[in-house]
Amino acid sequence: MTFVKDFNPIALKDTNLFKPIKIGNNQLQHRVVMPPLTRMRAHHPGNVPNKKWAVKYYDQRSKVPGTLIITEGAFPSAQSGGYDNAPGVWSEEQMHEWAKIFDKIHANKSFVWVQLWVLGRQAFPDTLARDKLRYDSASDEIYMDEATEIKAIECNNRLHGITKKEIQQYIKDYVAAAKNCIEHGADGVEIHSANGYLLNQFLDPISNKRTDEYGGSIENRARFTLEVVDAVVEAIGHDKVGIRFSPYGTFGTMSGGSDPTLLAQYAYVIGELEKRGQAGKRLAFLHLVEPRVTNPFFKEGEGWYKEGTNEFAYSIWKGPIIRAGNYALDPKAAKADVQNDDRTLIGYGRLFISNPDLVKRLEKGLPLNAYDRNTFYAMSDKGYLDYPTYEEAIKQQS
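Quick note: the sequence shown uses the working numbering, first residue 1, plus one each step.
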């Protein structure tokens with residue numbers, strides 16, 4: 001196994017990264033979070049978590065007691081999806097496999113939250129057409145790019161701005177999925193309102209051209225996200241719900257830093273969540289993607305929007321904040337951010353894939369296994385279950 005080159009790790013044991021913190025009802029023993037990581041190993045048809053590999057994958061990464069694991073994104077309904085090999089949380093067959101994953105993580109004395117993921121225009125229109133499902137977004141025929149538009153036209157599944165009735169159905173899907181997760185053993189759910197997916201498509205004026213109460217103004221563009229939050233909180237409790245935003249993200253042809261009004265958009269929606277918190281319904285956490293990562297497909301250091309910062313959120317939101325974005329290879333930045341505010345946790349993505357024992361490596365300042373991007377989404381156990389711990393890697397090299 002090859003270690004990351006030109007990387008100087010530092011031990012973070014004596015920083016706030018290894019100070020306990022409570023998230024919802026979960027008493028974490030440290031603040032290293034495994035964030036949602038799409039791996040495309042679910043079975044098709046059915047969007048069922050992989051029966052051979054998924055339990056072991058999550059087992060490997062939850063070995064340190066008190067670790068917060070946020071699962072890969074899972075579709076609340078078939079209409080929410082559009083990727084054959086991503087998991088769902090709507091069927092009994094899916095939940096039977098998820099329950100095994102939840103049980104294994106809990107056996108390790110760690111905690112598991114499920115990310116609820118609705119694709120919108122980032123879905124594959126031909127996959128949806130095959131399954132007789134709509135190709136949905138905030139507005140009609142505002143495509144991410146020309147290639148997607150061509151594909152949608154070819155399969156006769158053009159992009160559809162969802163109706164108010166369809167919005168309400170999506171909200172019902174979120175609620176049913178959240179209940180499913182809790183009933184089968186999850187500790188909570190994260191609502192995905194980031195990275196250019198459906199809720200993000202409503203927040204961003206580049207994709208939301210509506211003229212009804214779900215578009216036009218900052219308040220209206222936030223309405224769908226806040227209605228989802230309120231409905232899920234009502235169903236399972238505020239302390240079992242978190243939410244993710246990417247204020248500077250450009251993935252899925254979002255505006256990112258190119259639209260200065262978006263900072264006001266996120267300040268508004270976070271402020272609305274803080275109002276709910278002060279009224280006794282504080283979400284368990286706010287999860288923010290850093291401007292260091294404007295597109296998850298960029299390599300570390302690429303696409304950094306250096307004019308941006310998420311510090312504004314701290315002056316609005318008074319609960320815990322998870323920050324994610326290229327922290328593994330910049331331990332000094334991780335240290336600075338966790339020391340700067342005692343509400344901070346750090347999400348580590350790609351390097352948690354290649355380092356199942358990442359928590360211990362960060363604690364001790366050990367070298368990190370390099371990842372192989374070619375296996376991120378491969379239907380194989382290679383690059384999924386075979387990354388070694390530090391001790392195993394040293395043995396392999398000797």
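Hints may contain errors.
Claimed, not checked - Straight-line Cα separation of at most 30 Å, DSBU-like style, residue types lysine-lysine; simulated pairs:
1. K132 x K109
2. K382 x K63
3. K306 x K109
4. K364 x K19
5. K382 x K19
6. K275 x K299
7. K13 x K52
8. K164 x K104
9. K56 x K19
10. K306 x K281
11. K5 x K22
12. K52 x K19
13. K56 x K364
Claimed, not checked - Just the calculated beta-carbon pair ranges, DEER-fashion:
14. Q397 x H96: 24 to 30 Å
15. K5 x G280: 28 to 34 Å
16. E141 x I10: 48 to 54 Å
17. A378 x S91: 20 to 26 Å
18. A378 x K5: 44 to 50 Å
19. K395 x G280: 51 to 57 Å
20. T211 x E234: 37 to 43 Å
Worth flagging that the hints you see were computed from the coordinates, not collected in a lab. Beta carbons are placed, not taken as given, at the ideal position from N, Cα and C, and that holds for glycine.
Here is what the structure says about each hint:
no.: 1; hint: K132 x K109; in the structure: violated (42 Å)
no.: 2; hint: K382 x K63; in the structure: holds (20 Å)
no.: 3; hint: K306 x K109; in the structure: violated (38 Å)
no.: 4; hint: K364 x K19; in the structure: holds (15 Å)
no.: 5; hint: K382 x K19; in the structure: violated (34 Å)
no.: 6; hint: K275 x K299; in the structure: violated (37 Å)
no.: 7; hint: K13 x K52; in the structure: violated (35 Å)
no.: 8; hint: K164 x K104; in the structure: violated (40 Å)
no.: 9; hint: K56 x K19; in the structure: holds (27 Å)
no.: 10; hint: K306 x K281; in the structure: violated (34 Å)
no.: 11; hint: K5 x K22; in the structure: violated (35 Å)
no.: 12; hint: K52 x K19; in the structure: violated (35 Å)
no.: 13; hint: K56 x K364; in the structure: holds (24 Å)
no.: 14; hint: Q397 x H96: 24 to 30 Å; in the structure: violated (40 Å)
no.: 15; hint: K5 x G280: 28 to 34 Å; in the structure: violated (50 Å)
no.: 16; hint: E141 x I10: 48 to 54 Å; in the structure: holds (50 Å)
no.: 17; hint: A378 x S91: 20 to 26 Å; in the structure: holds (24 Å)
no.: 18; hint: A378 x K5: 44 to 50 Å; in the structure: violated (23 Å)
no.: 19; hint: K395 x G280: 51 to 57 Å; in the structure: holds (53 Å)
no.: 20; hint: T211 x E234: 37 to 43 Å; in the structure: violated (29 Å)
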